[in-house]
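A.B. asks: Spelled out, the chains give:
Protein chains: 2
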Amino acid sequence: MVKNIDTFKKEKIAAGKDTFMQVLISADDAPNFAMRRFTIEPGGSMPMHTNLVEHEQLVLNGRAKVIIGGKEFEVKKDDVVFIPAGAPHNYKTIGNEAFQFLCLVPNKEDKIELVEE
Amino acid sequence: MVKNIDTFKKEKIAAGKDTFMQVLISADDAPNFAMRRFTIEPGGSMPMHTNLVEHEQLVLNGRAKVIIGGKEFEVKKDDVVFIPAGAPHNYKTIGNEAFQFLCLVPNKEDKIELVEE
Chain A
101 MVKNIDTFKK EKIAAGKDTF MQVLISADDA PNFAMRRFTI EPGGSMPMHT NLVEHEQLVL
161 NGRAKVIIGG KEFEVKKDDV VFIPAGAPHN YKTIGNEAFQ FLCLVPNKED KIELVEE
Chain B
101 MVKNIDTFKK EKIAAGKDTF MQVLISADDA PNFAMRRFTI EPGGSMPMHT NLVEHEQLVL
161 NGRAKVIIGG KEFEVKKDDV VFIPAGAPHN YKTIGNEAFQ FLCLVPNKED KIELVEE
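First to last, the sequence lines map onto chains A and B. Its first residue numbered 101, the first sequence is counted upward by one per residue in the numbering used here. Its first residue numbered 101, the second sequence is counted upward by one per residue in the numbering used here.
Any given hint could be a false lead.
Remember, identical chains collapse to one label, so a pair may be satisfied in a single copy or spanning two.
[As the list claims (entries may be wrong)] Restricting the straight-line Cα-Cα distance to at most 25 Å, the calculated cross-link-like pairs of lysine-lysine (DSS-like) are:
#1 103 / 171
#2 208 / 165
#3 177 / 208
#4 103 / 165
#5 192 / 103
#6 171 / 112
In case anyone wonders, no lab produced these hints; they're calculated from the structure.
Chain A extracted, bound-state conformation (with noise of 0.2 Å):
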């Protein structure tokens, strides 16, 4: 399979705000792990949160602010993040371009939870 990204269609997470996501290989096209990229757009953030599984991901555009198990870091186009299975998360973009990145995730079962910030 050889598909262009932007071919992909695009769904609004409800738990974010202006958060879009892109699923480019799902638990059905592949055996072992799906790979997603999520578009927040200027001004959007995801609320802290836990998922069940690890989180494996690449930034493809903008900047973000990104809180990891407590601790800050400012993202940006060109950074690798790994976010482990249980550690709490959030996003909030920085300036005026999209933030877009790529994560991947194992084909387990999921569950968000919002945590209080």
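Given the structure of chain A, go ahead and fit chain B onto it with the hints provided.
C.D. replies: Okay, now just chain B, sitting in the frame of chain A:
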């Protein structure tokens, strides 16, 4: 973990011509799958081969002619590529830019076998 992609060590891939790999998130760092970036310099290539594991890829820079399971594609920045386990595949750069792609694999035993082209 937050770390710029250009700070990871580059290893030369013996089977390829002018091909380098950076392990961004290793099988030791993460429980289920590993994230690597490959760089094939202009004029470089990887010969036809098979792996025991699937590849989930995103092209980050440049262009290449890629054959996957007997089908030929021209791939470029922002193309999502899925290569099933066992499918013969190769890469040959096109143009003057380095061809760079993210390539994720499960934390499972792999074996590379070269295939007659």
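A.B. asks: Which hints from the list above does the structure break, by number from lowest to highest?
C.D. replies: 2, 3, 6
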